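Asks: Chain by chain, the residues run as shown.
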Amino acid sequence: MDDIDKIRNSFFLEAEEILESLEALLLDLEASPDDEEILNAVFRNMHTLKGSSGICELHSLERISHLLEDLLDHIRSEKKSATVEIIDTLFEGLDIVKSVFVTTRQGADVDDGIYADLAEKIKSFLPEREEVEEVLPDVAETYVDEEFVKALGTGTKEEIGKCVDGGKRIYQISFNLDPECLSHGTDPLLLIKTLDYDGEVFEVSSSTDNVPSLDSLDPVRLYIDNIKAIFVSTLGLDEVNDIFEFARAAGAIDVHQFSPLELKDFFNVDYDDFWLDASPDTEEDSEKEPYHPKDTLDPSVFFGEARDLLGAAEHELQKITGDSKESAVIDTVYRSFHTIHGNAGMFGFSEIRSVAGFAEAILDKIRTGDEVIPRQTREILQEAVDEIRGFIDLRENGSVYETEGETVKRLGEILIDMGELTKEQLDEALKNQDKPLGEILVKEGFVAEKKLEKALEKQKALSLSSHAAIRVDTAKLDSLVNMVGELVITQTMLTHNDSIKNVRDNNLTRIISQLDKITREVQENVMSIRMLPVKATFQKLIRLARDISKKGGKAVNVRVEGEDTELDKTVIDEIGDPLVHIVRNAIDHGIETSEERERAGKDEAGLVELKAFHQGGNIVIQIRDDGKGLDKDAILNKAVQKGLISDKKGVSEDEIFNLILLPGFSTAKTVTDLSGRGVGMDVVKRNIEKLRGKVEIQSIKGEGSIFTIKLPLTLAVIDGMVVKVGSEKYILPTISIVESIRPEKSHVSTVQGRGEMVRIRDNLYPLVRLHDLFDVEPLNYNPWDAMVMQVEGEGKTTCILVDELVGQQQVVIKSLGESFKSIKYVSGGAIMGDGRVGLILDTGGLIEASTG
Amino acid sequence: MSKTILAVDDSVTMLQTISLALEKEGYIVTTASDGVDALNVLGGGEKFDVIITDVNMPNMDGITLTAEIRKLEPYKFTPIIVLTTESQVGKKEDGKQAGATGWIVKPFKPEQLVSVVRRVSP
Chain A
1 MDDIDKIRNS
11 FFLEAEEILE
21 SLEALLLDLE
31 ASPDDEEILN
41 AVFRNMHTLK
51 GSSGICELHS
61 LERISHLLED
71 LLDHIRSEKK
81 SATVEIIDTL
91 FEGLDIVKSV
101 FVTTRQGADV
111 DDGIYADLAE
121 KIKSFLPERE
131 EVEEVLPDVA
141 ETYVDEEFVK
151 ALGTGTKEEI
161 GKCVDGGKRI
171 YQISFNLDPE
181 CLSHGTDPLL
191 LIKTLDYDGE
201 VFEVSSSTDN
211 VPSLDSLDPV
221 RLYIDNIKAI
231 FVSTLGLDEV
241 NDIFEFARAA
251 GAIDVHQFSP
261 LELKDFFNVD
271 YDDFWLDASP
281 DTEEDSEKEP
291 YHPKDTLDPS
301 VFFGEARDLL
311 GAAEHELQKI
321 TGDSKESAVI
331 DTVYRSFHTI
341 HGNAGMFGFS
351 EIRSVAGFAE
361 AILDKIRTGD
371 EVIPRQTREI
381 LQEAVDEIRG
391 FIDLRENGSV
401 YETEGETVKR
411 LGEILIDMGE
421 LTKEQLDEAL
431 KNQDKPLGEI
441 LVKEGFVAEK
451 KLEKALEKQK
461 ALSLSSHAAI
471 RVDTAKLDSL
481 VNMVGELVIT
491 QTMLTHNDSI
501 KNVRDNNLTR
511 IISQLDKITR
521 EVQENVMSIR
531 MLPVKATFQK
541 LIRLARDISK
551 KGGKAVNVRV
561 EGEDTELDKT
571 VIDEIGDPLV
581 HIVRNAIDHG
591 IETSEERERA
601 GKDEAGLVEL
611 KAFHQGGNIV
621 IQIRDDGKGL
631 DKDAILNKAV
641 QKGLISDKKG
651 VSEDEIFNLI
661 LLPGFSTAKT
671 VTDLSGRGVG
681 MDVVKRNIEK
691 LRGKVEIQSI
701 KGEGSIFTIK
711 LPLTLAVIDG
721 MVVKVGSEKY
731 ILPTISIVES
741 IRPEKSHVST
751 VQGRGEMVRI
761 RDNLYPLVRL
771 HDLFDVEPLN
781 YNPWDAMVMQ
791 VEGEGKTTCI
801 LVDELVGQQQ
811 VVIKSLGESF
821 KSIKYVSGGA
831 IMGDGRVGLI
841 LDTGGLIEAS
851 TG
Chain B
853 MSKTILAVDD
863 SVTMLQTISL
873 ALEKEGYIVT
883 TASDGVDALN
893 VLGGGEKFDV
903 IITDVNMPNM
913 DGITLTAEIR
923 KLEPYKFTPI
933 IVLTTESQVG
943 KKEDGKQAGA
953 TGWIVKPFKP
963 EQLVSVVRRV
973 SP
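Taken in order, these protein sequences are the chains called A and B. Residue 1 is where the first sequence starts when you use our numbering, and the numbers rise one by one after that. Residue 853 is where the second sequence starts when you use our numbering, and the numbers rise one by one after that.
FYI, nobody ran anything at the bench for these hints, they're computed from the structure. All values reported here derive from a predicted model rather than from experimental measurement. Do not rely on the hints blindly, as some may be mistaken.
[Said to hold, decoys possible] Straight-line C-alpha distance at most 20 Å; calculated SDA-like pairs for lysine to any residue:
hint : chain 1 : residue 1 : chain 2 : residue 2
1    : A       : Lys701    : A       : Asp654
2    : B       : Lys899    : A       : Asp238
3    : B       : Lys928    : A       : Asp254
4    : B       : Lys855    : A       : Leu237
5    : A       : Lys168    : B       : Asp901
6    : A       : Lys98     : A       : Lys162
7    : A       : Lys168    : B       : Lys928
8    : A       : Lys168    : A       : Val144
9    : A       : Lys168    : B       : Lys961
10   : B       : Lys928    : A       : Asp654
11   : B       : Lys928    : A       : Glu728
12   : A       : Lys162    : B       : Ser967
13   : A       : Lys264    : B       : Lys855
14   : A       : Lys264    : B       : Lys928
15   : A       : Lys264    : B       : Ala919
16   : B       : Lys961    : A       : Gly348
17   : A       : Lys264    : B       : Gln949
18   : A       : Lys501    : A       : Gly236
19   : A       : Lys168    : B       : Lys855
20   : B       : Lys928    : A       : Gly236
21   : B       : Lys944    : A       : Ser259
Sequences and hints are given; from them, build the entire structure.
Replies: Dropping the structure here:
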């Protein structure tokens, strides 16, 4: 058993007796209100109760008995008689004490509000005294005794002030203890000595005014009051207060921690001494060994973050078309260089630091100034981005960087123009690229206070959102996607199960449809996890466009729309190359030279537009250029020449344009090394089809071309139309279906040399009989009894004969494996609602079959 | 018991550098990449022995953050160290006014960071 518990147990016994006595005594007092003896007895009992409960740390009990004791003491010392009200109050108080005693004995918490009224009543009997307040639980705000502190000697104050640098805290502790505290074992001298264990007591003052002459001195009474001490320690305020928790029963102990401003006022703490300046660029440091960060820091995070920041800066720089104010843009670029500048220093990458530092200085001047980045400056900043990228690549490979400081020089020249740098300073900086730029600027006091304030204001005005994100292992994600696929299959199987379909139980039906809904949501959510915005891809394309146009001596502007559109990660990875090809072609072959454009009455600079958007369950990426467009005749001629088509006649515009996607095709008169040898476009087509997308081309001679890439939102699941041929089911990708009809008998015909044809509205389309291709026994041989689906691919259209449409379904694609890759007309397998495997039809192959 | 540190900086590189340097010495480091985020963490009840913050951050800069932290009761006297770049000398005065305890100039060596942290919180 705890010591405290032992003490408390004996206290409870003692207290019980006291309470009984008090009850009896109060009744006596009521009968004889002027009896001093009785009054004293009541007082003594209450006093003992207070003291003992204090020792046992039963604070509520202590506080109430203290209140009552005060009242009794007041009557006693003022020699007043106990009025009826007073007696009533005393009885009330005793009742409360009794109830608190019971509660405390049971170990429950006491609600201190229980004696709030009592306290008020007692206060009304007493003259204005602060002592009543000290009994209540809340600690009022502490204050500094200015007289005391100011009276400290200068030397002492200095010493105390110095302690601050060591991270120590300075306290002023005031003791206002009861005169009886000594008889309770609370000795202020001992308390102060205790403090010495946890810190240093610098000065103690007290008032000895009340010390009487020796003959009237009561040895167990404390006559010294107003005790104050300055205490210096590493302990926190709470910890210091804890030291006195027990002693507080004997009176008020105030602990006040000096705030920094108070320290300055009272102890002349000079902030320059107080402030820790750990700037590493002090003289001694530069004499020491050069810093080898490789030993302690891992730069891979730096490389990753720096690349992201450079990409963002570049992206924003490209956005600035005119010489207009673009605060948000400028801020992003500034921030990128600023962060790279700061971080590069940490790793000792001085070459990166120099370039980034100068670029930062330029942008800082701009953003706190007229907020316009002139074209020249923009270009040099872009070069800075490139150079830093190069440095990062080299550093990452552990290579030594080599630079003549060209970029730094040019950046520096801009700074000179801006008046931020003098020629001498620039020379110094170039000579010694290890010296931080900031130091050079700062030395001359270039960075003005006002500018910083303005910059601060701007920062507050611009808010940039931050996303909380976590990194996920792609393997885990793939596994999750797979699992979700299985879930979708199983759930579909459930929905299509015959027993389930025939269920008449409404509840069950509701549950199943709920499951369906949830599964769909899970699927959408999981798919969206793999979705990334095309922004990064577009950024690369913008860069590419710029590079190509520069090399080719053409002026090209790139415009981007919908960069936040999201695509599945795999699609983004695969779509990069095809897009690069298309953009290259657009600039190389599409956009004319400035003179040609001027002659044609166009803007001097060509325009390449990249757009990404959602359309009907697909993602569409469009690349448009306002160049000279595709030359249909040239294409036709080339096609014939290459033996790709036999006849120039009767080829639709769409089909002509699609010819350029065929292998072995190239209309480039001169093969530039950038576009390759015409292997570009067919690879593009193949890559896009691998993603189950399609390419569409539109072009108007003299005006430009539009390449449209349509991609499904996900690779694992396909939106398909299930069709039935005989007893077999097949799946047609919905994306390729134009329409489905049951033709009139009169609309079906056989054309010599072309085979069967179907007329839909004004056009004739070849008819492909699926049952023929797959050697299946159909239900209907006659198209007018069955269904005809018009499908399209690569600008060509054909019609397919099936027995019936079963319905649209989202099916999970399952690869059939290597051995099945070469099967014609089939692009893959899928698990359908009934759990069986269905074959996904390859529209392209079917169309080929029709043209025979 | 280990001392706890809150590090605030908009650069992941800096946060990682600070964390590694201090964790090696036995400190427990919590990070925030935004001033507003940091205030949320501080308001969440976790107590920190030292707060380190970058000065130049978007959304809420380090000086404003320091002033805001000083308004919070439990953090009236918690040592706050601000990180600045040498080109922002003026921040020193602002920092003092806002109630910061000390400053370190970027770039710094990990050992220097540790020694400063030790000085403000022995």
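Asks: Each hint should be assessed against the structure and marked as holding or not.
Replies: Each hint tested on the structure:
1. A:Lys701 <-> A:Asp654: The given pair, whose Cα atoms are some 14 Å apart, holds under the 20 Å limit.
2. B:Lys899 <-> A:Asp238: 13 Å, holds
3. B:Lys928 <-> A:Asp254: This hinted pair holds, its Cα atoms lying about 18 Å apart.
4. B:Lys855 <-> A:Leu237: It holds: about 17 Å lies between the C-alpha atoms, which stays within 20 Å.
5. A:Lys168 <-> B:Asp901: The hint holds at about 13 Å.
6. A:Lys98 <-> A:Lys162: 53 Å, violated
7. A:Lys168 <-> B:Lys928: Satisfied, since the Cα-Cα distance of roughly 15 Å is no more than 20 Å.
8. A:Lys168 <-> A:Val144: 18 Å, holds
9. A:Lys168 <-> B:Lys961: Given that 20 Å is the threshold and the Cα spacing comes to 25 Å, the pair is violated.
10. B:Lys928 <-> A:Asp654: Given pair lysine 928 of chain B, aspartate 654 of chain A is violated - Cα atoms ~73 Å apart, limit 20 Å.
11. B:Lys928 <-> A:Glu728: 78 Å, violated
12. A:Lys162 <-> B:Ser967: 18 Å, holds
13. A:Lys264 <-> B:Lys855: 28 Å, violated
14. A:Lys264 <-> B:Lys928: Roughly 16 Å between the alpha carbons, so the hint for lysine 264 of chain A and lysine 928 of chain B holds.
15. A:Lys264 <-> B:Ala919: Since the Cα atoms of lysine 264 of chain A and alanine 919 of chain B sit roughly 18 Å apart, the hinted pair holds (cutoff 20 Å).
16. B:Lys961 <-> A:Gly348: Roughly 10 Å separates the two Cα atoms, so the pair holds.
17. A:Lys264 <-> B:Gln949: Status holds; Cα separation ~12 Å.
18. A:Lys501 <-> A:Gly236: 72 Å, violated
19. A:Lys168 <-> B:Lys855: Holds, at about 16 Å.
20. B:Lys928 <-> A:Gly236: 11 Å, holds
21. B:Lys944 <-> A:Ser259: Holds, at roughly 19 Å.
Of the numbered hints given earlier, the model fails hints 6, 9, 10, 11, 13, 18; all others are met.
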